[in-house]
Structures are given as C-alpha cells and as structure tokens.
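Each chain, letter by letter, is given below.
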Amino acid sequence: MTKKITDVICPFCGTLCDDIEVVVSDDGKKLLEVYNACVIGTEKFLHSQSADRVTRPRLHQEDGSWKEVSYDEAVEYTAQMLAKAKKPLMYGWSSTNCEAQSVGNEIAEISRACCDNTAAVCHGTTLIAVQDIGLPSCTLGEIKNRADRVIFWGCNPTHAHPRHMSRYSIFPRGFFTGKGQMSRQLVVVDPRVTDTARMADIHLQVEQGRDYELLDALRVALKGEWLPEVVAGVTAEKIREVADILKSGRFGIIFFGMGVTQSLSKNHNIDGAIALTKDLNEYTKYSIMPMRGHYNVTGSGEVFAWQFGFPYAVDLSRGFARYNPGDTSSIDLLNRGEIDAMFTIGSDPGAHFPISAVKHIAAVPSVCIDPHLTPTSGVSKLHVPVAFNGVETGGNCYRMDNVPIDCRKVVEPPEGMLTDEQFLIKVRDRLRQLKGAA
Amino acid sequence: MTKNISLNLISGRTIQQGVAIEGGKEKPLYRTAAGIIEMDDSDFKKLGAWKSTNVRVTSEYGTVVVKAIETSQGPHPGLGFIPMGPWANAIINPNTYSTGMPTFKGVPVTVEIATNEPVLLGIELVQKLCGVKSE
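Protein sequences appear in the order of chains A and B.
Numbers 1 to 438, taken from our numbering, label the letters of the first sequence in order.
Numbers 1 to 135, taken from our numbering, label the letters of the second sequence in order.
Think of the hints as simulated: they come from the structure by calculation, not from any bench.
Treat the hints with care, as some may be off.
As the list claims (entries may be wrong) - Covered stretches of chain B, going by a simulated chain A footprint (3 or more residues, C-beta under 8 Å): (1) 18 to 25; (2) 45 to 58; (3) 109 to 120.
To be verified - Cut-off 30 Å, straight-line C-alpha distance, at most; resulting in silico cross-link-like pairs (DSS-like, lysine-lysine): (4) K4(A) / K238(A); (5) K67(B) / K67(A); (6) K27(B) / K30(A); (7) K86(A) / K27(B); (8) K128(B) / K51(B); (9) K86(A) / K409(A); (10) K45(B) / K381(A); (11) K128(B) / K359(A); (12) K84(A) / K27(B); (13) K409(A) / K144(A); (14) K27(B) / K87(A); (15) K285(A) / K30(A); (16) K51(B) / K381(A); (17) K359(A) / K46(B); (18) K84(A) / K426(A); (19) K27(B) / K238(A); (20) K133(B) / K67(A); (21) K435(A) / K87(A); (22) K133(B) / K51(B); (23) K67(A) / K359(A); (24) K87(A) / K51(B); (25) K67(A) / K87(A); (26) K27(B) / K409(A); (27) K29(A) / K409(A); (28) K51(B) / K29(A); (29) K51(B) / K86(A); (30) K278(A) / K238(A); (31) K133(B) / K359(A); (32) K238(A) / K285(A); (33) K381(A) / K4(A); (34) K359(A) / K45(B); (35) K51(B) / K67(A); (36) K30(A) / K359(A); (37) K4(A) / K223(A); (38) K51(B) / K84(A); (39) K285(A) / K67(A); (40) K409(A) / K87(A).
Cβ atoms here follow ideal geometry from the backbone N, Cα and C, with glycine treated the same way.
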C-alpha cells in the first residue's frame, strides 16, 4: 500500500509552497507521485529518485576520471583543505537548511574563511539598498488578503516562481480581495513582453537598463510635476496613468527581481524602488518585497546576519567579521585570484558565476557538496553527494517574506548517504582537531 | 565576409531552464533549455538566419555557440536573451563595480551564423573553458 503525505514543503524557490502532496511506497523508500507542485518543483522531487544518481563521494583524477571514496575520506580531504588554506571561500548555502548553515558558520570561524551565499548573484544589491534606506515590507499572507495593486518590476514569476501568483499575489481570494484577480490591478515593468507581462493590466516596456529613470519618473508623476515626453521608452502619459492607478489602491505591493538587481544601476535601482514605496505611503499603504530565488537564500542571509552581523559577503580572514561588497564578495575575490581553496555547498557557481570566476575555482583545491552533477562538481577536485534537503531530510527554511517554515522529510535517502548537516558536523569536528580549536 | 548583428544581451530564468536544472545539468535537456539565444523575428531577418540555427555570440568577455530560436516573450528587437546558465555566463560582464554583483544584463554582443559549430553540453562547456579534463 502506498501512502500519501500532505502539507509537504517544496524546496525549489523562495515561495516555499506548503501544500504539496506526495505519494511514497509503503516502506518509505520510494517517492512515486507529486501533487500540487509546479513543474519545476515536481521535477525536483522526482529527480531525487533517478536511477543514475551518484551516491558516494568522488575524487577527480588527473586523467579526468572519478575515483569513488568513502565519506570519511571526503571529510578528511575537506578538513585538510580548509586547515591548510589561508583564505578559503565557503560559498552557497541557499539550497540547504538553516541547521546546516549554522554548522557551516562554525567551520568558517575555525578556518577563517570568506562566507557568501547566492545573494552574490541575485539579491545582493538589494541587501545593500536595504542597508542604505530600509525596507517597508510585509508577509505574503497580507498580500493575499489585502493587496489590490500589484507591481512586478524586472521579474517574471510565471517562469521563476510559478505558483506565486496563484497562491499569493494575483489569483487568490483573500479577506479584503474577495474577487481574486478581479480585485487587483497588475502592472508589469519589463523590457520583454514576458508571460507575466501578458497578464498585466498595464505593461511598461522599459528600455533595458533604464529602470532607475522610470522609477524616478513615477515619483515625479506622483507629485504632479513636469516630465519629459518619453522616459526610458515609456510616454509621460502612460507614466501618469500608472501613477494614478498606484495612488488609488488601498494596499499595494512592489515585487522586484533580477531585472533591477543585475542591470547596471544595481543597488541604486532598488534605492529608487524603495523610495517610490515610501512616497506611495503618503497616499495609501504600500510594501515592497524582493522575489528571492533559492528556497532558503533568505534563511542563509538570516543565519549569517544572526551569527556574523551581515547577510552575505562576510570575510572572517582577520578573525572577526568584515563586510564590504566589492571587496569581500565571492565574484570579486575569485576574479582577483585571492582565494586558495573553494568550498561549495547547496548552489552551483560553476553554472551561475561569470566564467572568469569559475576558472579560478577550477585552479584551486575545491570541494563541491551537492546531490546533483553540476558544472561546479565538474570542475571541483572532490564531489560529495548528499541527501536532498526538503525531500530526504527536513530542516528550517525561510520564505521570501522572512517567514520561517520547517521543511519535511518525505522519503529515505539511498542507504549510507549523509545529509549536509551530518557531513558538515564531521568536517567541523575533524577541523577542530587539526586546528587545535576548542 | 561573415555577416553579424549587434544585440544587447540579457539573461534570466525560464521555466524550461528551471525544469532542466532540477532534471540534471549533465543531460542534453539542459542544453536544449539554456544553450539558446532568444531573438526577435526582425533580428533574424537582419542576420539572414533561419530559426534554430547555431550562432556564435561574442562579447568583450568571451564567446560561445548557442542555438538561435525565435523569442516566445517578444517582440523585443535589438535585445537578445540567453537563459541563465554556463552559456550566458561565458560572455556576460563579470565586473561588479564594487557591488559584488556581476552585470548579467545589458551586455553588448555580436551574433554571427555558426551552422557547423556544435553547442556543447553544460558541464562540458565549463570544463572546456576552464581547461579541466573530463571523462
């Protein structure tokens, strides 16, 4: 007899959907079916069951082949690498739970590492802007129940957060939004006519990279001041129309994504978006929220901030925590060649860093802890496969609105496989012996 | 002389890319999903290329071969879109300008037809560019 497990958390994106149902075999070893998840989440659950999965650590050999090693040997390799390195980089953390992140931070303290998470390539610039001028935000539940003006700026949830709109932002019927989509007006700002833009009441097809000007123009339009005929490819008439729509709502939310964090103005775009939110609060109630990508990148920022005082790009090489994006951030450290060992967990910089940074990862001693085969595992010296977090082990994760949610274990990992946390505890204990730390 | 066109390149998520990364980055599906450049119909005409032709995309920071397909989220003339992944990251601007964030969006590139050049698999591409031997 199979059994159905309800209220499972999806470990794919920052929406952390908590209504997934999975069917497992009666011995709890096989995951058979997935319900309610989006197509990406479903693939994530099912891929954990693939027959060709790597289940033991492997060392990359000179001739390009891989030699299987035991977890104990992998622990020794990792601890020795970190003990010998003068400035190791411990990067990733966004696809693992907060418990493992916390053990990782102990390792980082002992080995005086630089620590960073995937905010480096997603919302790092958002964090800089938040430190500049703050973030008036709310929870996704408030948005579901109250928001009648929804703006997606430089993000495409139809593709990146597929159930965000049906669970929270557009379609659900909330307490004060009883007509669902009919209760809300949707504005999308994007240089492409994305699938999200097609659903919008108004799509502002901004000229790529000119979001800052458009944000400023909206602030001007709110005050009824003069505007040039066209700003960032959008007519003044359209800008004034959108300003009026935004002002006339009872509760509005600005969601923003990589379109603003990764284009040239970076943190200044977010400064502008937060300032727009502040201005709108002079007329009605507005909040703003980053669309976080990895399911626990928010949690990683929380754990870093709780233990080190900074949410990403932390440098412990002097024995205390320093934070200076551009100096202590992963891509800059790699591009400058300052790192002499690379430890990657719960992310794939090989696929998502610029190739100039990846080349440096390939040139130094490196360990990649990841259940998947990835470009990072492909260029690392040691690949340590682990149990899938959120599928084969539980643990605490943070949703994009900073709400902590405990993920659930639904199926057993293949026999003998360790979780992230179990592997990290072994590395920490061995590193303590090597360093003579208490 | 080889004909080429200039585009402004951005990268980002697509749902097909999301499914492919969870399904296995070593598999050809990942290349199908992310080893592509989405171009506007008018840009295909300027380049004189058939749809689904392999093209070489080159920036100041690198060069990569991908398959050119007609955009499903257009029109966006003058704008090229490569889904996030190793193909896009072979050519994006790695400068962070003291923010820690590379400039993934807004990279000037040229596109030329490269019918006879293969689009490499994801892991294969990164290993080749990094000079790492593979099995």
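Looking at the structure, which of the earlier hints fail to hold? Numbers 2, 3, 4, 5, 7, 9, 10, 12, 14, 15, 16, 17, 19, 22, 24, 28, 29, 33, 34, 35, 36, 37, 38, 39 and 40, in rising order.
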